[in-house]
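> Protein chains in written order, with my numbering: chain A, 1 to 154; chain B, 155 to 528; chain C, 529 to 747.
One thing to keep in mind: the hints can contain errors.
[What the hints assert, rightly or not] List time: in silico SDA-like cross-link candidates among lysine to any residue, alpha-carbon distance up to 25 Å:
{"#": "1", "chain 1": "B", "residue 1": "K436", "chain 2": "A", "residue 2": "G105"}
{"#": "2", "chain 1": "B", "residue 1": "K436", "chain 2": "C", "residue 2": "H701"}
{"#": "3", "chain 1": "C", "residue 1": "K722", "chain 2": "B", "residue 2": "A492"}
{"#": "4", "chain 1": "C", "residue 1": "K722", "chain 2": "B", "residue 2": "I499"}
{"#": "5", "chain 1": "B", "residue 1": "K405", "chain 2": "C", "residue 2": "A633"}
{"#": "6", "chain 1": "C", "residue 1": "K541", "chain 2": "B", "residue 2": "A497"}
{"#": "7", "chain 1": "B", "residue 1": "K436", "chain 2": "A", "residue 2": "T61"}
{"#": "8", "chain 1": "B", "residue 1": "K436", "chain 2": "B", "residue 2": "F465"}
{"#": "9", "chain 1": "B", "residue 1": "K436", "chain 2": "A", "residue 2": "D104"}
{"#": "10", "chain 1": "B", "residue 1": "K436", "chain 2": "A", "residue 2": "V106"}
{"#": "11", "chain 1": "B", "residue 1": "K272", "chain 2": "B", "residue 2": "D375"}
{"#": "12", "chain 1": "B", "residue 1": "K306", "chain 2": "B", "residue 2": "G287"}
{"#": "13", "chain 1": "B", "residue 1": "K436", "chain 2": "A", "residue 2": "E99"}
{"#": "14", "chain 1": "C", "residue 1": "K541", "chain 2": "C", "residue 2": "L714"}
{"#": "15", "chain 1": "C", "residue 1": "K564", "chain 2": "C", "residue 2": "L579"}
{"#": "16", "chain 1": "C", "residue 1": "K541", "chain 2": "B", "residue 2": "A492"}
{"#": "17", "chain 1": "C", "residue 1": "K597", "chain 2": "C", "residue 2": "R660"}
{"#": "18", "chain 1": "B", "residue 1": "K436", "chain 2": "A", "residue 2": "E84"}
{"#": "19", "chain 1": "B", "residue 1": "K436", "chain 2": "A", "residue 2": "I51"}
{"#": "20", "chain 1": "B", "residue 1": "K402", "chain 2": "C", "residue 2": "R634"}
{"#": "21", "chain 1": "B", "residue 1": "K436", "chain 2": "A", "residue 2": "D52"}
{"#": "22", "chain 1": "B", "residue 1": "K405", "chain 2": "C", "residue 2": "T693"}
{"#": "23", "chain 1": "B", "residue 1": "K343", "chain 2": "B", "residue 2": "P209"}
{"#": "24", "chain 1": "B", "residue 1": "K402", "chain 2": "C", "residue 2": "S641"}
{"#": "25", "chain 1": "B", "residue 1": "K343", "chain 2": "B", "residue 2": "A265"}
{"#": "26", "chain 1": "C", "residue 1": "K541", "chain 2": "B", "residue 2": "I488"}
{"#": "27", "chain 1": "C", "residue 1": "K722", "chain 2": "B", "residue 2": "A507"}
{"#": "28", "chain 1": "C", "residue 1": "K597", "chain 2": "C", "residue 2": "A745"}
{"#": "29", "chain 1": "C", "residue 1": "K541", "chain 2": "B", "residue 2": "A483"}
{"#": "30", "chain 1": "B", "residue 1": "K436", "chain 2": "A", "residue 2": "L58"}
{"#": "31", "chain 1": "C", "residue 1": "K541", "chain 2": "B", "residue 2": "W474"}
{"#": "32", "chain 1": "B", "residue 1": "K512", "chain 2": "C", "residue 2": "L559"}
{"#": "33", "chain 1": "B", "residue 1": "K405", "chain 2": "C", "residue 2": "F627"}
{"#": "34", "chain 1": "B", "residue 1": "K306", "chain 2": "B", "residue 2": "A256"}
Hints in this document: simulated from the structure, not taken from any laboratory.
Here is how the chains run, residue by residue.
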Amino acid sequence: MSTLGHIPVCVEPIGSVLDAQGMVGGGMAAILTELAVLLERLVQHGEPGAIDVRSLPLSPTERMRLIETLGAGEVDIRIQANGESHIRETSIPGVWWSEHRDSDGVLLVTLIEVARVPEMVAAADADLVRGAERLRAVLAPLCAAHGGTTHGTT
Amino acid sequence: MGRPDLEPTIGELLDRHGVSRRSFFKYCTAMASLLALPPLAARALASQLRSAQRPSVIYLSFQECTGCLESFTRSFAPTIENLIFNVISLDYDDTLMAAAGAQAEQAREQAMRSHYGKYLLVVDGAVPTGDGGVYHCAAGRTGLDILTECAKGAAAVVCVGTCASFGGLPFADPNPTGARAISTLVPDKPVVNVSGCPPIPEVIAGTLLQYVSSGRVPDLDAHLRPTVFYGNSIHDRCYRRPFYDQGKFAKTFDDEGARSGWCLYELGCKGPTTYNACATLKWNNAVSFPIQSGHPCLGCAEPDFWDRGSFYSPIPSPRWGKAGEVSPAQAGDIAAGAAVAGAAIGLGSVMLARQRIKRYQRQPPQQSEPRNEE
Amino acid sequence: MDLVDFARGPALKAAFIIFILGIVWRIVNVLLLRHKRILSEPRRSVGAALLAGLKGTGSRSWPHPEFIKRTVTGEALGYSYHIGLFIVILLFAPHIIFFGSFIGARWPALPNSVVTIFAVITLTLFVAVLARRLGHPVLRRLSNFDDFFSWFVVALLLVSGLMATAHVGAPYHTILGLHILSFDLLLIWYPFGKLMHAFYIFPTRAVDGYVMTRKGAPS
Chain A
1 MSTLGHIPVC VEPIGSVLDA QGMVGGGMAA ILTELAVLLE RLVQHGEPGA
51 IDVRSLPLSP TERMRLIETL GAGEVDIRIQ ANGESHIRET SIPGVWWSEH
101 RDSDGVLLVT LIEVARVPEM VAAADADLVR GAERLRAVLA PLCAAHGGTT
151 HGTT
Chain B
155 MGRPDLEPTI GELLDRHGVS RRSFFKYCTA MASLLALPPL AARALASQLR
205 SAQRPSVIYL SFQECTGCLE SFTRSFAPTI ENLIFNVISL DYDDTLMAAA
255 GAQAEQAREQ AMRSHYGKYL LVVDGAVPTG DGGVYHCAAG RTGLDILTEC
305 AKGAAAVVCV GTCASFGGLP FADPNPTGAR AISTLVPDKP VVNVSGCPPI
355 PEVIAGTLLQ YVSSGRVPDL DAHLRPTVFY GNSIHDRCYR RPFYDQGKFA
405 KTFDDEGARS GWCLYELGCK GPTTYNACAT LKWNNAVSFP IQSGHPCLGC
455 AEPDFWDRGS FYSPIPSPRW GKAGEVSPAQ AGDIAAGAAV AGAAIGLGSV
505 MLARQRIKRY QRQPPQQSEP RNEE
Chain C
529 MDLVDFARGP ALKAAFIIFI LGIVWRIVNV LLLRHKRILS EPRRSVGAAL
579 LAGLKGTGSR SWPHPEFIKR TVTGEALGYS YHIGLFIVIL LFAPHIIFFG
629 SFIGARWPAL PNSVVTIFAV ITLTLFVAVL ARRLGHPVLR RLSNFDDFFS
679 WFVVALLLVS GLMATAHVGA PYHTILGLHI LSFDLLLIWY PFGKLMHAFY
729 IFPTRAVDGY VMTRKGAPS
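Isolated chain A (complex conformation) (with noise of 0.2 Å):
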């Protein structure tokens, strides 16, 4: 009888096939070369730019030195819409490692983004405005029971 025992199982530490072979680097050197010509477009032009992590064939490890080298900045956001959304400033100032999750915490996107602050931290105009709108309506009773208007009146 075979038992779970008799199944010859081989662990390897992560990424430490691709670490044998000497494959590491490649990869990383790319990233970093991007995100220095993103950075320089932020500079120059003020353009946010953006790498999304999942269209590079990243091994286990070169990811893990990815996020070592990058490091870890000064501002940490957790936004909550939907699912947590986890954005932080690495060490360089500018670029930003953002994970997107749905609500049951599944990742949906990783992405290293070249920005002064990312695009989904700023509030939406249309969001500015409806929230505009619900303040009045909050307002608008309170000012009614002082008596007073809406508006200013010292």
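Add chains B and C to chain A, keeping to what the hints say.
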């Protein structure tokens, strides 16, 4: 007919449901990644989607195993709920819908009437045409009949899975039911093939999403597959590709090479001739894909993948006849036969030549000068 | 059935049969046709002549010192591209699978990048060989359709193989089909054109050596 567009846009629906722009933007960022768009295209995609209307979708199943629908319902991004409730209006799917029998058929007819010329027809499974189409019947009608009726008013047809796209398993030799691919039965409508056995869930969802956001059929390859998902071969995007280039191959499933994660080419991997997104999007929310799990690609997104010999015979293997790969003994037999035939022809031609020489020596032709033979 | 399945299936089978049949046919022809009788007085023994013939198969592989200056270009080109062809044909992993399945064995391969480099060099030499044939006044007059077509068939294989490796021109699947199809063409053409030299070269050297020695000519 002549009914004004009273239906709300997707954006209006989202506002009504209280979905914030930020949530929607995040969703579109994920979609842009899925569709391999540049990351910053999310904003354009968001505005396109918001102003689009949800298309009515009719989903028909023919000769299939429901594996495609099983796959589809496991789409992580966009999730099937999200897609069904926000992006499309799934008006008929006999497996997913609550209604059954006459009520279900009524829902289909209703959707077809009110969205004539605009609804999207999604098909999984091949359609049997042999013996009058009797091998697939639903609600007392043949599959061919239902397909023809539903395709008439469709804006486009999306074939989900290899069976619908290329005939797949039912089409495999000897094809007893006369199964055919949908594109051969619907000649006058744009057809999009989303092949795979099953297709990657995100590819099915992404193709629908792309259609909704752009309002047109996406760019297609020679097999009518969206190039955004089927533009690269598995081999080209495979993380084991460096091993192929170095000539490092697993020879069996449990040798040193297999354990070291070397290339599976010699174990029959069809990655080089298969076009799909498995190596980039992967499966089960990007956990893995067959090659990452140590198994060669079967080439399930390509036409006739069932009839291409063993899944484990390498691509360059010669394949003679239906038996599959050629064996050395077989090659030897054929070579021996050919050699005997060659020897016989050689012998015959030599004898003929000698007879001619003899005739010539006995009675040289008058006009030409005698040659100095021997 | 698509191009690849046709090329490696029925087309390959037919080409293989024609290849074997043609080669045996031509060898039987050459063996059984009447040969010129040696009319001269035998100068050396049969044994000595046989030995000299055997020696000739090897010694003729190197240019004669007297002509080396005149023939060195051709010899060098010829040798280089033959070596290149052997490496590309026999040491490329997919080729090993292909040929290996006929004989039921596989052997170690060279890394693809190395094979690719050899293929490019070989193709370059091949072009040089053609240029020499066209540019050389004597060679040009000696050349016929056979020479050019044999060159073309092998060059087609090299080009389609490189295209398949580099993924240019068409989808890999299509180029692979064309590549295998051009191999089928090579198999069919092989026995009937000058490619047959692979089977003739050593036996003819041996026979020449034997005849010449028997006649007393130094060889």
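> Does each hint hold? Answer for all of them.
We went through each hint and held it up to the structure:
{"no.": "1", "hint": "K436(B) to G105(A)", "result": "holds (18 Å)"}
{"no.": "2", "hint": "K436(B) to H701(C)", "result": "holds (22 Å)"}
{"no.": "3", "hint": "K722(C) to A492(B)", "result": "holds (21 Å)"}
{"no.": "4", "hint": "K722(C) to I499(B)", "result": "holds (20 Å)"}
{"no.": "5", "hint": "K405(B) to A633(C)", "result": "holds (12 Å)"}
{"no.": "6", "hint": "K541(C) to A497(B)", "result": "holds (19 Å)"}
{"no.": "7", "hint": "K436(B) to T61(A)", "result": "holds (18 Å)"}
{"no.": "8", "hint": "K436(B) to F465(B)", "result": "holds (20 Å)"}
{"no.": "9", "hint": "K436(B) to D104(A)", "result": "holds (19 Å)"}
{"no.": "10", "hint": "K436(B) to V106(A)", "result": "holds (15 Å)"}
{"no.": "11", "hint": "K272(B) to D375(B)", "result": "holds (24 Å)"}
{"no.": "12", "hint": "K306(B) to G287(B)", "result": "holds (19 Å)"}
{"no.": "13", "hint": "K436(B) to E99(A)", "result": "holds (18 Å)"}
{"no.": "14", "hint": "K541(C) to L714(C)", "result": "holds (13 Å)"}
{"no.": "15", "hint": "K564(C) to L579(C)", "result": "holds (20 Å)"}
{"no.": "16", "hint": "K541(C) to A492(B)", "result": "holds (11 Å)"}
{"no.": "17", "hint": "K597(C) to R660(C)", "result": "holds (16 Å)"}
{"no.": "18", "hint": "K436(B) to E84(A)", "result": "holds (23 Å)"}
{"no.": "19", "hint": "K436(B) to I51(A)", "result": "holds (19 Å)"}
{"no.": "20", "hint": "K402(B) to R634(C)", "result": "holds (14 Å)"}
{"no.": "21", "hint": "K436(B) to D52(A)", "result": "holds (15 Å)"}
{"no.": "22", "hint": "K405(B) to T693(C)", "result": "holds (22 Å)"}
{"no.": "23", "hint": "K343(B) to P209(B)", "result": "holds (17 Å)"}
{"no.": "24", "hint": "K402(B) to S641(C)", "result": "holds (12 Å)"}
{"no.": "25", "hint": "K343(B) to A265(B)", "result": "holds (18 Å)"}
{"no.": "26", "hint": "K541(C) to I488(B)", "result": "holds (9 Å)"}
{"no.": "27", "hint": "K722(C) to A507(B)", "result": "holds (22 Å)"}
{"no.": "28", "hint": "K597(C) to A745(C)", "result": "holds (24 Å)"}
{"no.": "29", "hint": "K541(C) to A483(B)", "result": "holds (14 Å)"}
{"no.": "30", "hint": "K436(B) to L58(A)", "result": "holds (13 Å)"}
{"no.": "31", "hint": "K541(C) to W474(B)", "result": "holds (6 Å)"}
{"no.": "32", "hint": "K512(B) to L559(C)", "result": "holds (19 Å)"}
{"no.": "33", "hint": "K405(B) to F627(C)", "result": "holds (16 Å)"}
{"no.": "34", "hint": "K306(B) to A256(B)", "result": "holds (21 Å)"}
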